[in-house]
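S.K.: Residue numbers (the numbering used here), protein chains in the order written: chain A, 1 to 444; chain B, 445 to 964.
Treat the hints with caution; some may be incorrect.
[Said to hold, decoys possible] With beta-carbon atoms standing in for the labels, derived distance ranges:
no.	chain 1	residue 1	chain 2	residue 2	range
1	A	Pro176	B	Arg895	56 to 64 Å
2	A	Arg273	B	Thr608	47 to 55 Å
3	B	Pro603	A	Arg315	49 to 57 Å
4	B	Thr552	A	Tyr19	57 to 65 Å
5	B	Leu599	A	Arg273	33 to 41 Å
6	A	Pro290	B	Pro476	52 to 60 Å
7	A	Arg313	B	Met609	33 to 41 Å
Rather than coming from a laboratory, the hints here were simulated on the basis of the structure.
As the structure is a computational prediction, the values presented were derived from the model and not from experiment.
Glycine included, each C-beta is placed from N, C-alpha and C at the ideal position.
Below, each chain spelled out in residue letters.
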Amino acid sequence: MPGLEALITEVGRSLAAAYPPAIRHPARTFDQRLMQVVADRPDVQAALFRFVDATPACRTPEELTDHLTALLDEVEDPPALLRAPGALGRSAVGERLVGSVAAAGVKHLAQRFIVGESPHAALSHLERLWRAGAGSSLDLLGEATVTQDEADAYAARCADAIATLTGAVPAWPARPVLEHDFAGPVPRANVSVKISALTPLIRPSAPELGARDASRRLVALLRQARDAGAHLHIDMESVDTLETTLLLVLDMLADPEFRDGPSTGVVMQAYLRESSALIDRVLEWCRAHPRASPLTIRLVKGAYWDHEVAEARQRGWTPPVFTEKAESDRNFEALTRRLIDARPQVRLAIASHNLRSVAHAVAYNRLAGGGNSDIEIQVLQGLGDDLQDSLAAHRIRTRVYCPVGDLVMGMAYLVRRLLENTASSSFLSAHGRGVPIEELLAAP
Amino acid sequence: MSGFVNEPLLELRRHAPRAALIDALRALDASPPLRVPVLIGASEGSHDGIESTDPGTPDRLVARAGVASASDVASAVEVAARKQPTWARRAAQERADALRRAAQALRTDRYALAALQVRECGKPWAEADADVCEAIDHIEYAAAQALALAAGRPLLQLPGERNTMRYRPRGVVAAIGPWNFPLAIPAGLVATALATGNAVILKPAEQAPASGLRLVQALRAGGVPADVVQLLPGYGETGAALVAHPGIHTIAFTGSETVGLAIIRAAADTHDDQRHVKRVVAEMGGKNAIIVDADADLDQVVPDVLRSAFAFAGQKCSAAARVLAHEAVAGVLADRLAGAVAAMRVGQADDFATDVPPVIDRESQERVLSAITAGAAEGRICAQQPDVPAAGWFCPPTIVTDLPPGSPLTREEVFGPLLTLEAVASVDDALDLVDASRYALTGGVFTRNPRVIDRVVERSPVGNLYINRSITGAIVARQPFGGNRRSGVGAKVGGPDYILQFVEPQVVSENTMRHGLVVE
Chain A
1 MPGLEALITE VGRSLAAAYP PAIRHPARTF DQRLMQVVAD RPDVQAALFR
51 FVDATPACRT PEELTDHLTA LLDEVEDPPA LLRAPGALGR SAVGERLVGS
101 VAAAGVKHLA QRFIVGESPH AALSHLERLW RAGAGSSLDL LGEATVTQDE
151 ADAYAARCAD AIATLTGAVP AWPARPVLEH DFAGPVPRAN VSVKISALTP
201 LIRPSAPELG ARDASRRLVA LLRQARDAGA HLHIDMESVD TLETTLLLVL
251 DMLADPEFRD GPSTGVVMQA YLRESSALID RVLEWCRAHP RASPLTIRLV
301 KGAYWDHEVA EARQRGWTPP VFTEKAESDR NFEALTRRLI DARPQVRLAI
351 ASHNLRSVAH AVAYNRLAGG GNSDIEIQVL QGLGDDLQDS LAAHRIRTRV
401 YCPVGDLVMG MAYLVRRLLE NTASSSFLSA HGRGVPIEEL LAAP
Chain B
445 MSGFVNEPLL ELRRHAPRAA LIDALRALDA SPPLRVPVLI GASEGSHDGI
495 ESTDPGTPDR LVARAGVASA SDVASAVEVA ARKQPTWARR AAQERADALR
545 RAAQALRTDR YALAALQVRE CGKPWAEADA DVCEAIDHIE YAAAQALALA
595 AGRPLLQLPG ERNTMRYRPR GVVAAIGPWN FPLAIPAGLV ATALATGNAV
645 ILKPAEQAPA SGLRLVQALR AGGVPADVVQ LLPGYGETGA ALVAHPGIHT
695 IAFTGSETVG LAIIRAAADT HDDQRHVKRV VAEMGGKNAI IVDADADLDQ
745 VVPDVLRSAF AFAGQKCSAA ARVLAHEAVA GVLADRLAGA VAAMRVGQAD
795 DFATDVPPVI DRESQERVLS AITAGAAEGR ICAQQPDVPA AGWFCPPTIV
845 TDLPPGSPLT REEVFGPLLT LEAVASVDDA LDLVDASRYA LTGGVFTRNP
895 RVIDRVVERS PVGNLYINRS ITGAIVARQP FGGNRRSGVG AKVGGPDYIL
945 QFVEPQVVSE NTMRHGLVVE
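Throw the hints in and build the complete structure from the sequences for me.
M.R.: Structure below.
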């Protein structure tokens with residue numbers, strides 16, 4: 001489209017200029033520095049991440065220290081910052097001290113990404129976001145679901161989240177950009193759910209089984225969301241759950257019972273080689289099943305890249321994901337344009353922290369005649385805060401994905417976020433290193 | 445390993461390969477029962493005597509197989525002994541090429557071969573497909589290993605002498621296979637023997653003769669002479685006659701400890717006119733334990749323990765039979781396992797949604813059910829899925845706990861979907877229990893502490909130790925497989941040492957000095 005690249009540059013520069021100065025988040029800047037130290041040392045990164053992963057399973061400071069020193073022992077020539085715990089941890093007093101400090105450190109990190117232990121505890125944070133010009137989607141972190149009781153418990157937590165949010169949001173002040181778009185009203189209350197947590201019967205080679213079992217719990221949540229006026233978003237996970245998730249959602253939403261609500265949506269992962277075909281399938285479904293509130297498609301790059309590649313290599317498969325990051329980035333832009341062009345059949349949410357990807361979506365939306373509220377940009381709590389501030393300042397509709405849960409429940413999520421943040425190829429890492437804006441905004 | 449690549453598994457999370465497997469199963473069901481004759485040289489003998497049926501639907505006849513008699517055994521050994529030297533004289537490359545063509549034949553037929561295992565052994569699709577891949581791997585790996593071995597080994601050379609070390613085949617190999625890996629394990633035994641120039645007589649398990657036939661057919665189609673690879677279906681008597689025959693040089697066996705020890709005894713009995721001592725390579729039983737430390741990630745432990753214990757109804761020598769959990773997590777683990785077992789699906793092997801298929805035959809079913817009864821009497825059933833199909837050899841997957849110390853259920857192999865759970869005060873206590881076992885096949889530990897991993901690696905006697913993963917599913921060239929103690933004798937199959945079991949080294953040292961002149 002003529003003028004697209006020029007507009008991307010303009011939008012991108014304008015967004016970057018509105019990033020808050022580092023001084024506003026001193027603690028975060030420290031984290032960022034720590035992350036950069038770690039990014040240069042894969043062995044240190046591995047040790048620290050494995051430590052973070054083990055934290056919730058340690059019952060005493062001594063056990064924490066034991067894990068930390070054992071993991072650091074595997075690092076040759078550790079950076080100065082990490083020599084102290086190793087040495088200190090060998091004395092009895094030091095052992096307790098190191099463990100307590102480490103526990104506090106992990107808790108501090110976790111609190112950056114996890115907004116509260118429960119939906120109720122998260123409310124004040126969500127309201128603060130709303131007042132600052134950003135919506136939210138609440139995500140309930142949990143341990144893996146391996147039993148029917150655990151699936152019931154997760155469904156109950158989702159129900160509680162919907163009830164808590166829909167009870168609280170009417171008191172929030174009006175934010176027109178956040179609650180209205182080309183298709184009509186956009187619910188304030190927004191909850192994301194994972195199908196793999198709604199059933200213990202996810203079997204990649206038998207997708208109907210898990211879909212059937214999860215459906216009885218999902219149907220109750222859909223009814224509740226419809227009646228309470230909340231948006232219920234179905235998350236996407238690894239390829240092993242993809243077919244189960246799509247089967248379930250498309251099948252369930254085809255039921256006339258849900259034609260008039262709730263507002264709901266699915267996720268498409270641009271790193272998947274098959275993503276274009278999946279979008280064909282979803283758009284075709286949308287044509288055949290008109291909804292009062294169009295399906296929202298959250299477009300993401302995908303968070304399971306390492307898992308998908310390692311699993312495929314171990315089994316002798318072609319990885320289902322693009323192995324070059326630029327391929328994912330290009331595909332993300334192509335799919336963005338397709339989904340913007342597919343309006344009004346779908347709503348589009350762009351979930352990325354990559355300034356180029358976001359600027360591209362904003363620019364294309366503008367050229368396609370869309371307003372600032374006709375496209376949504378989604379960021380992750382703790383990772384996209386700067387971008388979120390800048391988008392809010394530009395009055396572009398923004399939503400922050402807010403995980404809720406305790407430390408044990410959140411650890412898998414936290415480790416994934418940390419990996420994402422320190423991957424040397426990640427946008428955030430490049431931005432943190434001070435890569436010039438021209439390079440950050442260059443076409444992938 | 446230059447050039448060796450594992451055969452890719454089918455990507456069963458996709459619809460297309462699932463549909464192809466179902467088509468292959470329909471084709472198998474539409475054809476009459478397979479005929480598995482005694483194959484001695486180019487001639488086909490009887491194919492009556494054994495009825496191989498579907499464990500999930502016992503009135504479905506899958507194959508009829510012959511029963512090789514003592515005189516069949518004698519004829520086969522005679523044919524093999526006559527042709528083996530010719531096969532041994534062929535270039536290693538030529539033998540490797542024949543094996544690779546055989547592997548290709550299996551690859552072309554992989555859907556049908558998997559379908560056959562689903563019917564003949566009640567082996568679920570993913571496991572059946574993995575078995576076919578492993579068979580292909582064993583054949584190609586053996587070919588590559590034999591080529592490398594043909595170059596001999598480097599020795600120290602000094603002026604005036606030339607030293608060489610090379611390996612020659614031992615002669616005629618009796619390969620006695622199990623039913624649980626009906627294609628893969630016989631393929632490993634047979635292909636390694638053939639690649640090094642031995643002749644092989646395969647006695648497949650009476651429960652899975654058709655898969656044995658398919659292997660022999662593929663090898664012959666690939667170019668292995670009929671006299672060099674023969675098939676003697678039959679019961680234990682056929683195997684015993686083969687083992688006792690003085691013309692057999694090597695016995696490669698995978699199966700129960702009882703049979704394995706009987707083979708070792710019989711093989712030690714050397715005839716007066718026998719010019720060699722028999723060698724036995726035997727892979728036998730196990731009582732495999734998974735240790736769960738207090739810091740383990742139970743999200744990972746639960747599915748991996750269930751897969752290790754109940755996939756293919758626990759009928760793998762590598763399967764988990766015991767969980768030794770740290771007392772700090774034993775209670776939570778027991779609860780989560782109980783809920784997860786209750787969610788498992790016991791059903792037909794041809795259903796992609798099945799978690800636990802039937803066991804192989806009525807005798808197995810009775811053994812497992814009586815072990816469960818004993819467990820309920822001695823201890824407490826803490827997890828069970830009682831919902832099982834009525835017809836077929838199904839057993840409810842069960843976890844038993846609170847057993848008295850030293851209970852037979854924690855010591856003896858059950859070979860079915862029965863797992864015991866014991867709480868321990870520490871990982872070291874768990875290692876003491878593991879060390880007290882006479883078996884040492886596989887084992888596992890779940891922990892996030894590298895020091896604990898080091899200690900378990902140091903103290904565990906098992907042949908294959910798995911850390912933070914399920915303890916079954918060894919892959920050729922990645923996890924060479926085999927047990928220590930009474931779990932087995934011989935080197936690990938699928939690894940670099942295995943091939944040496946099938947050869948005799950010969951060292952030649954030549955004096956190259958003549959009248960003071962050193963000829964290089």
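S.K.: The structure should be examined with respect to each hint, and the outcome stated for every one.
M.R.: Cross-check of the supplied hints:
1. A/Pro176 <-> B/Arg895: 56 to 64 Å: Holds - the Cβ-Cβ distance for A/Pro176 and B/Arg895, about 59 Å, lies within 56 to 64 Å.
2. A/Arg273 <-> B/Thr608: 47 to 55 Å: holds, 53 Å
3. B/Pro603 <-> A/Arg315: 49 to 57 Å: holds, 53 Å
4. B/Thr552 <-> A/Tyr19: 57 to 65 Å: holds, 59 Å
5. B/Leu599 <-> A/Arg273: 33 to 41 Å: With Cβ atoms ~52 Å apart, the hint is violated.
6. A/Pro290 <-> B/Pro476: 52 to 60 Å: 53 Å Cβ-Cβ, so the 52 to 60 Å window holds.
7. A/Arg313 <-> B/Met609: 33 to 41 Å: holds, 37 Å
Hint 5 from the earlier list is the only one contradicted by this structure; the remaining hints agree with it.
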